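First to last, the sequence lines map onto chains X and P. Quick note: the first sequence uses the numbering used here, first residue 8, plus one each step. Quick note: the second sequence uses the numbering used here, first residue 8, plus one each step.
Since the hints were made in silico from the structure, they are not lab data. Some hints could be false.
Repeated chains share a single entry, so a pair holds when one copy, or any two copies, can fit it.
For lysine-lysine, the following DSS-like pairs were computed, each having C-alpha atoms within a straight-line distance of at most 30 angstroms [claimed, not checked]:
1. K214 <-> K250
2. K392 <-> K287
3. K284 <-> K375
4. K351 <-> K33
5. K133 <-> K284
6. K287 <-> K375
7. K287 <-> K133
8. K351 <-> K375
9. K287 <-> K368
10. K19 <-> K237
Remember, predicted model here, so these are calculated numbers, not experimental data.
Number of protein chains: 2
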Amino acid sequence: MVYSQMSLEEKKALLSELTEKYNEFKARDLSLNMARGKPSNAQLDLSMGMMDVLASTSDLSCEDGTDCRNYGVLEGLDEAKKLLGDMMEVPADNIIIYGNSSLNVMYDTISRCMTHGVMGHTPWCKLPSVKFLCPVPGYDRHFAITEHFGIEMINVPMTEDGPDMDLVETLVANDSAIKGIWCVPKYSNPQGYSYSNETVRRFARLKPAAEDFRVFWDNAYCIHHLYDDKQDFVLELLDECRKAGNADMVYKFVSTSKISFPGSGISAIAASHNNLKDIKHQMAIQTIGHDKVNQLRHVRYFGDINGMREHMRLHADILRPKFEKVDEILTRELEGTGVGEWSKPLGGYFVSFESLDGCAKDIVALCKKAGVVLTNAGATYPYGKDPRDSNIRIAPSYPPIEDLAVATELFALCVKIVSLKKLIAEA
Amino acid sequence: MVYSQMSLEEKKALLSELTEKYNEFKARDLSLNMARGKPSNAQLDLSMGMMDVLASTSDLSCEDGTDCRNYGVLEGLDEAKKLLGDMMEVPADNIIIYGNSSLNVMYDTISRCMTHGVMGHTPWCKLPSVKFLCPVPGYDRHFAITEHFGIEMINVPMTEDGPDMDLVETLVANDSAIKGIWCVPKYSNPQGYSYSNETVRRFARLKPAAEDFRVFWDNAYCIHHLYDDKQDFVLELLDECRKAGNADMVYKFVSTSKISFPGSGISAIAASHNNLKDIKHQMAIQTIGHDKVNQLRHVRYFGDINGMREHMRLHADILRPKFEKVDEILTRELEGTGVGEWSKPLGGYFVSFESLDGCAKDIVALCKKAGVVLTNAGATYPYGKDPRDSNIRIAPSYPPIEDLAVATELFALCVKIVSLKKLIAEA
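Can you make the complete structure from the sequences, with help from the hints?
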């Protein structure tokens with residue numbers, strides 16, 4: 008039944024019934040967490056074989072004969088570039104391998120743009136104003152980086168096909184202070200949307216006023232499917248940009264954080280040769296090279312992209328039932344009530360929930376009081392400010408499925424309670 | 008015989024004899040490298056046991072129960088902080104563990120100072136002028152970082168007791184644009200000098216005009232002794248600073264690069280709690296955490312600082328004969344000639360050679376022509392400019408001892424030839 012069409016009495020009766028149920032939950036002293044996109048222990052167990060790949064008897068030379076135990080190899084092992092290149096669908100020679108986290112690569116990239124500029128252009132820290140476009144809802148850690156550097160963030164609404172490209176095209180064409188846009192093109196964070204071919208092609212053909220405008224393309228979930236038979240495909244942007252005469256306009260980022268071990272994986276940037284030359288000039292000052300032994304460990308464990316895809320199937324087998332459980336409970340509890348909508352992604356790490364306007368913060372707070380922690384409401388927007396206070400990010404990956412079910416039930420209950428209170432107050 | 012006291016005929020005769028010898032070397036088509044402070048293969052073999060420490064059957068939880076395979080633990084494992092804290096002689100709670108290289112930590116530290124300033128002070132990139140003191144000769148990669156950020160470098164002569172502290176005290180007290188000084192306090196690069204107690208105490212008591220002045224204290228060789236019975240000791244600066252009421256004035260850096268595997272080790276910064284708070288504020292934006300699995304690998308392999316010291320004895324057993332061989336050959340070939348002096352360090356990775364003025368570049372070039380690569384002359388000075396063109400850094404660690412002997416003999420020969428030519432030209 009659609010809540011808004013209930014009579015006031017019906018709403019009050021239902022609220023009272025649900026509040027009783029909530030108090031029962033509260034009495035259970037729960038302590039559950041659906042806040043962050045962390046792999047579960049079962050997923051981490053999948054990669055334990057990686058610990059045996061290199062032994063004291065192993066030859067730690069890479070394919071070109073370099074001893075990976077010693078200094079050197081600024082841009083990473085050839086075979087690591089091949090592996091992560093295949094992940095990102097770009098040639099190995101468009102790749103630089105980095106350290107343990109793509110977040111760190113993105114931070115360093117912005118930091119380099121601030122202090123040294125992009126390919127000879129004025130360092131951003133010397134400009135009166137620098138702005139970034141932020142498709143919303145989006146990833147809080149992206150927004151935290153741009154905020155940290157004092158970059159003004161402009162919201163661009165997301166659609167199921169990607170960011171509102173009419174708006175993106177107009178904004179970048181008319182404001183040379185706009186230097187970048189944050190994108191998670193596949194299984195976006197938090198909605199799990201994937202950019203359409205048309206969206207990618209419009210990105211490739213952007214005519215930004217700023218020559219040093221860059222698309223920050225975070226391939227966080229490029230091979231992170233939930234299903235074998237239902238998968239999203241996203242056009243490869245670097246090649247599309249090249250075809251459109253815009254080869255230098257994109258930085259792509261990737262890591263193995265949700266493939267092997269978060270924080271102990273390897274990461275990479277992919278870009279045009281002009282960009283890579285610019286980046287290596289700075290990198291050669293920052294480091295002698297990243298962790299080659301760990302690059303070797305990853306390459307020898309996965310073998311190639313096919314080995315990695317097989318491995319991702321095992322992750323999917325663990326994640327899929329969790330996503331389906333969340334959807335099952337939300338459908339059972341909320342379908343037809345008109346007080347919430349949620350995404351049904353085919354990959355990635357999140358389900359995005361849209362409540363009635365002005366309810367998200369209260370829902371998250373009510374969940375927390377009963378022992379279920381969600382990502383802070385507002386976190387999916389720049390400056391933590393969700394203008395409609397309606398978006399909530401659900402992260403089903405970490406808790407065991409039984410706990411996840413309980414947490415999702417409580418969540419649905421809190422959605423109903425907060426929504427009813429709002430409807431009653433408005434009556 | 009002192010070359011400068013020879014007659015012109017004697018010089019010419021000797022030069023002709025040495026040139027013949029040089030041509031014999033050249034005919035051997037040598038390809039030897041004494042340029043960089045890289046551990047040898049034999050040294051790398053010492054740490055291969057580290058590859059067996061973690062296996063697929065291992066529990067990858069650290070002491071507080073955290074699963075090191077997942078996200079989190081921004082500042083590093085407690086046990087890693089203890090281990091690297093013991094290396095640096097500071098309490099574990101003055102430590103943040105970083106990634107695979109202390110060079111990267113130093114770069115990031117300067118970068119943070121540029122974009123965000125130090126503990127609330129104006130970001131350096133907003134200042135009209137930022138200067139650093141550079142004890143010379145020093146480490147080229149330090150100088151490369153400051154040069155990269157446009158920081159003006161001021162030479163400060165090194166003595167056997169450390170930098171000329173009269174000059175340091177005067178400069179920092181009178182110029183608020185001076186924001187830092189690069190120091191390698193123990194077995195300095197390249198001379199292998201260690202700062203005296205008096206020098207460290209004078210550092211601790213500096214009265215810099217700039218409140219955001221920091222001593223960049225690179226503990227690159229803190230436990231890298233060559234001898235059991237002859238070791239340098241350096242007072243611990245952080246504690247000395249605290250006692251002098253200057254607790255916030257120092258950043259200490261360390262890594263395991265020359266202990267386990269260069270580029271695949273762990274690193275750390277040590278500083279006051281005020282500084283650490285400032286650093287963590289930025290770090291939390293840059294990363295979710297560094298490689299905890301590798302931290303665990305190091306802790307489990309070394310056990311504690313005693314295990315690490317034992318391990319360093321094995322390194323010393325390999326390095327010591329090489330340093331002694333260099334000294335033996337230089338003594339045999341050059342003692343009493345008056346054309347060169349060299350350091351006799353008790354630890355670290357380098358021997359520093361002082362030629363006659365104006366000869367270093369020619370010596371390095373002549374060596375190169377015969378197949379022996381040395382660090383570029385000038386590299387030990389900011390901007391690559393050795394004002395007297397006299398300092399050459401010799402790195403004995405990497406080549407096998409037989410190759411090292413040949414290379415050192417050729418080096419001594421080149422020193423003689425270039426010096427004689429200079430003396431003849433001046434006659």
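Hints, verified against the model:
no. : hint          : verdict
1   : K214 <-> K250 : within (14 angstroms within a copy, 59 angstroms between copies)
2   : K392 <-> K287 : between (36 angstroms within a copy, 24 angstroms between copies)
3   : K284 <-> K375 : between (48 angstroms within a copy, 28 angstroms between copies)
4   : K351 <-> K33  : within (28 angstroms within a copy, 72 angstroms between copies)
5   : K133 <-> K284 : both (22 angstroms within a copy, 27 angstroms between copies)
6   : K287 <-> K375 : between (46 angstroms within a copy, 27 angstroms between copies)
7   : K287 <-> K133 : both (22 angstroms within a copy, 25 angstroms between copies)
8   : K351 <-> K375 : within (24 angstroms within a copy, 65 angstroms between copies)
9   : K287 <-> K368 : between (44 angstroms within a copy, 28 angstroms between copies)
10  : K19 <-> K237  : neither (42 angstroms within a copy, 84 angstroms between copies)
In summary, the one numbered hint that this structure violates is 10.
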